[in-house]
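Undergrad: Each chain, letter by letter, is given below.
4 protein chains.
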Amino acid sequence: MTRTMKVAAVAQPGAPLEIVEREVPRAGAGQVVVKVQACGICHSDSLTVDGTWPGIEYPRVPGHEIAGVIEEIGEGVVGWEAGQRVGVGWYGGHCGHCDRCRRGDLVLCENGMVPGVSYDGGYAEYVQVPAQTLARIPESLADVDAAPLLCAGITTFNALRNSGVRPGEVVAVLGLGGLGHLAVQYAAKLGFETVAIARGQEKGDYARELGAHHYIDSTAENVAERLTALGGAKIVLATVTSGKAMSDAFGGLAVDGKMMVLGIADSPIEINSAQAIMGRRSVQGWPSGVAADSEDTLAFSARSGVRPQIEVYPLEKAAEAYARMLSGQARFRVVLQP
Amino acid sequence: MTRTMKVAAVAQPGAPLEIVEREVPRAGAGQVVVKVQACGICHSDSLTVDGTWPGIEYPRVPGHEIAGVIEEIGEGVVGWEAGQRVGVGWYGGHCGHCDRCRRGDLVLCENGMVPGVSYDGGYAEYVQVPAQTLARIPESLADVDAAPLLCAGITTFNALRNSGVRPGEVVAVLGLGGLGHLAVQYAAKLGFETVAIARGQEKGDYARELGAHHYIDSTAENVAERLTALGGAKIVLATVTSGKAMSDAFGGLAVDGKMMVLGIADSPIEINSAQAIMGRRSVQGWPSGVAADSEDTLAFSARSGVRPQIEVYPLEKAAEAYARMLSGQARFRVVLQP
Amino acid sequence: MTRTMKVAAVAQPGAPLEIVEREVPRAGAGQVVVKVQACGICHSDSLTVDGTWPGIEYPRVPGHEIAGVIEEIGEGVVGWEAGQRVGVGWYGGHCGHCDRCRRGDLVLCENGMVPGVSYDGGYAEYVQVPAQTLARIPESLADVDAAPLLCAGITTFNALRNSGVRPGEVVAVLGLGGLGHLAVQYAAKLGFETVAIARGQEKGDYARELGAHHYIDSTAENVAERLTALGGAKIVLATVTSGKAMSDAFGGLAVDGKMMVLGIADSPIEINSAQAIMGRRSVQGWPSGVAADSEDTLAFSARSGVRPQIEVYPLEKAAEAYARMLSGQARFRVVLQP
Amino acid sequence: MTRTMKVAAVAQPGAPLEIVEREVPRAGAGQVVVKVQACGICHSDSLTVDGTWPGIEYPRVPGHEIAGVIEEIGEGVVGWEAGQRVGVGWYGGHCGHCDRCRRGDLVLCENGMVPGVSYDGGYAEYVQVPAQTLARIPESLADVDAAPLLCAGITTFNALRNSGVRPGEVVAVLGLGGLGHLAVQYAAKLGFETVAIARGQEKGDYARELGAHHYIDSTAENVAERLTALGGAKIVLATVTSGKAMSDAFGGLAVDGKMMVLGIADSPIEINSAQAIMGRRSVQGWPSGVAADSEDTLAFSARSGVRPQIEVYPLEKAAEAYARMLSGQARFRVVLQP
Ligand SMILES: [Zn+2]
Ligand SMILES: [Zn+2]
Ligand SMILES: [Zn+2]
Ligand SMILES: [Zn+2]
Ligand SMILES: [Zn+2]
Ligand SMILES: [Zn+2]
Ligand SMILES: [Zn+2]
Ligand SMILES: [Zn+2]
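Chains as they are written, first to last, in our numbering: chain A, 1 to 338; chain B, 1 to 338; chain C, 1 to 338; chain D, 1 to 338.
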């Protein structure tokens, strides 16, 4: 006898999210089935909904910010057991045999998979994922809070800790949305002198509530000049999609400062070579992280009290929730609950 | 007309600290005279009192944890003015022409000076120091609190931030004395998972008050095993003088973990090569820092609330205060006030 | 119909190497069978011969310096084909699910395997190994030359390139045996100012032939003093097994210098804390590398002309060849040819 | 009685270089007078000739690639003596009191001086410079060869060694002019797999003579694609002034690859964020180095045989030599000899 479940699927590129019935998957070799308790809606889910990611097979269930409980364990899976609370993020498995994998650089696997893109994701009551993708969720972290940390959280936390920044230095967060409102919390809880940069004066108070020591309204102030007046930012975490905003902030880096680029920009980032040379300034891209990085992110979040600000919708209202995310009005992450 | 001041001087190696009258120094070229508001007593002052540092000229006034106000500025000094609050630590000036100086490695200058050793130090109402040695003291930091941060504080803060540790990792502090009680605070305020290691169960509560998440009583527990059970320490800040205690803790390092050695040990540190190899573990020494590092230390301490626990004595009781420091009973730094 | 092959096996701990007939293995899932063309004899093979590595199942065929040709490919193996020239070293496969593996630190897998220890190794005409373990051998590199590079070569090359050394600095190689005579060549070909350190004056000429710019006879000279006179070594590659020799060399490190420990020492390495602190000097262990590291080692060796000095024996004389290695008289690596 | 000397001076911005008679300077405090044996002509000398560097006092003698012999030593100078062979490059002294200097970052001194810009430079028979600026010239290095190494040489050598590149990796040099023809030699002598990139097929043979393993003609081939086919460049040393050429090469970086920007570009460098993120690729500026860096550059050049290709002119023909440099036809550095 097979069990059925509800999922929110996209029938073809551009089609709406529809609730459909499916068989609950059975865990294949190396795989686990997770009972989904919460799944964040990420702007990247539009890659699946719109079909802009090449080679997606439809119908497809989006969702790569999954928090749940292990339901079933496939053959050959070691180290996990049914009932454990686990999360899955953008990293959806590596191949093990490409050059990147052979060097242990699992996050840049040339054949890397993404939940909700390469296989059905977390807009569902159950999801099947490779065991490699699992991150333990600490007891004190609620499912709806853990979900966005598995993509927006890890991306900022992991970029920051791998940026080469030294403890106590000045960290600026460019953008105060889904990623930025987490990045500001991480920077503050990690003891950095934290600068939030966003559009509009009204976000200043919120930034300070999140722990920012300084706020820059990029619509009214010269970002580079303000940062320079603060001594310059050793790290700018660029969480926006505006290439121009990134280019404008580059001049606000301190000597030896680095801009970490976390999101695909709508235009090239323009680097002034004199500014780069006369301060050994740099720009580097950073691609999220693997399951163990998520685990570290969740552990730190649990320990330090970092939490996303979320709006929760039932799975049945996936289409509405997705539209809410797209509207840019959500504060700041939308989460589905089956 | 010359002014006079009181100092606590050592007439010859091994002689007691005596209060004597001196002329207030006038600032020479490149020098400033500082009116001392507080001066910490450091165990290293025994190098002067006992004469174990080679080549000291006596009588000598000890003291290299100086907080005060600029009184007079010598010829050619740029960037400072009378009335500024400043501190001076172990770094007492560099030569500018040795190989280390030519490479910008000022703290390891081959002709480096130390206040209270190379010239008269801070057990005094006034002290003359090279302008290079000055660190700005933030307004919110009291003189008696700033003084110990200029040696015990900077040594731990600067070692930690230059250790290569990544934000959020496990940092263990070996020893809970003058350096250790500050190191624990820094580690905790910087968001590290902080482990304090000391002798005796009774210090556990205090360690937790300082922010430690874990406490290990090295008289009752196996330090390496306990650290390993916590996942291993990425950094061990070794603030003790026992070579054996350091050797014992080495096995508690995480993979890629590093022990930072901050103090001269009473015996060699013994490294187990298999433990080193099978985890890429390492041991490195760290020599305090220059004035700009002190400035960063003071700024972070002011911003985050890190403060030393001190016992204050008037300058007149320098001998008594020094004996108190030597007794090992002080909690944790003794500070003189002129 | 099954094929048979000759192997040199150890029947039980302490037993002699005996030539026995075996079935040629068939490649299991994820495995390949390699026709062995050459296999180096490493001192670590004594772990198998003497049974000092825990948990070895006997009879066991030693050998982890394998150069050969892919004979057969198992199910699920991607990226390899029969006829390719490949090598296998100390790294014999990782589990994929332990904490180290999840972080991409494959060489320190908690369940890591070693050819000739965990499964039958290269003292044989054919060997079955996990596909993960394979490194491509460049065309210009002979099998008998490639074999020792897969253990002695990669260990030194990989440690050196990951030591943090900057191009052109002073690199000292402590020991001039199997590892050391390769390390000297790598250091010289990589443009480092290369210092060889060994016992006896007579090795000086050979060291210079290998590319060393300086030679120190540790039986007649003070190693630390000589290194210091050369400006200090930024890196000491410690290829010896004498803990005392390593301890003696520590004082010859330059400021910011590091000793890389490559082999298990017969006694603890003793670190003088004052030397460590007053130069930020350090000691770190390094554990070889994975197949991709071997591939880089072989590629660089082929391109730059680095070759081991070897003595070749037929597989039938494995016992004699092993004794030769043990004698310490071989110059410098003994290689078996089936 | 005063001695006189010939210099080639610029009377005002835009004026021609004219040979005029001057008094030989006497060494002031902290200064030395150097008898010039050779002085390279650098494109940056146009900052003085054209007056595009702000605040230059005229008449001014250009020249910051000075090789000579110490003639006279000023008061307070330690560590140098008359008769020593010394060189001076772009770094012309630091202030000692700005924030950068206090942190030992002497090359980025906020009040840094440049010979031939801040004071009279090396187009002269004698020049007075701060003692800080002196680099020892190895015996085996001719003056005319040392001169260009003090600017074009150090800039490439120092950028390369501080780029974080690991020994043996792929290094690409973008541009094959004054800097590039030295960078290719350094990369090759340091054991890197070296790629030269320039305009036109005809430079390929020369690149290979300099040690390049690969040559890319950027007028006929897609630079990023060719580099990617070689596995990607871990480091691109960008020695050109074309922002477009740099932007085009960015896509040819390997995973974790970095472009080091050494020269002011004529337009912003455009970074594709997706390429940056999906390979952790980065761009960083690098500003030459101090006297000790020059000393290391000269020592390595002497030891390894790196030499500039030069055209030598007598000082009297400074105007002609300068025009030759400007023409872009010189191969590759023009050097004046008094
Ligand atoms: Zn996402
Ligand atoms: Zn892969
Ligand atoms: Zn002290
Ligand atoms: Zn010095
Ligand atoms: Zn071996
Ligand atoms: Zn493993
Ligand atoms: Zn120049
Ligand atoms: Zn300066």
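Hints are not guaranteed to be accurate.
[What the hints assert, rightly or not] Selected chain B positions facing chain C (in silico; Cβ < 10 angstroms):
(1) Gly-28
(2) Val-69
(3) Ile-70
(4) Glu-72
(5) His-97
(6) Arg-102
(7) Ala-238
(8) Val-261
(9) Ser-273
(10) Ala-274
(11) Val-283
(12) Trp-286
(13) Gln-309
(14) Val-312
(15) Pro-314
For the record, the hints were derived by calculation from the structure and aren't laboratory data. Backbone N, C-alpha and C define an ideal beta-carbon position, used for all residues, glycine too.
Undergrad: Now look at each hint and say whether the structure bears it out.
TA: Checked hints:
1. Gly-28: violated (28 angstroms)
2. Val-69: violated (32 angstroms)
3. Ile-70: violated (31 angstroms)
4. Glu-72: With a minimum Cβ separation of about 33 angstroms from chain C (threshold 10 angstroms), the hint on B/Glu-72 is violated.
5. His-97: violated (16 angstroms)
6. Arg-102: Cβ of B/Arg-102 sits 12 angstroms from chain C, so the hint is violated.
7. Ala-238: holds (9 angstroms)
8. Val-261: holds (5 angstroms)
9. Ser-273: holds (4 angstroms)
10. Ala-274: B/Ala-274 check passes; min Cβ-Cβ to chain C is 5 angstroms, inside 10 angstroms.
11. Val-283: holds (5 angstroms)
12. Trp-286: Holds. Min distance 6 angstroms.
13. Gln-309: At about 25 angstroms, which exceeds the 10 angstroms cut-off, the nearest Cβ of chain C leaves the hint on B/Gln-309 violated.
14. Val-312: The hint is violated - B/Val-312 has no Cβ within 10 angstroms of chain C, the shortest such distance being about 30 angstroms.
15. Pro-314: violated (33 angstroms)
In summary, the numbered hints that this structure violates are 1, 2, 3, 4, 5, 6, 13, 14, 15.
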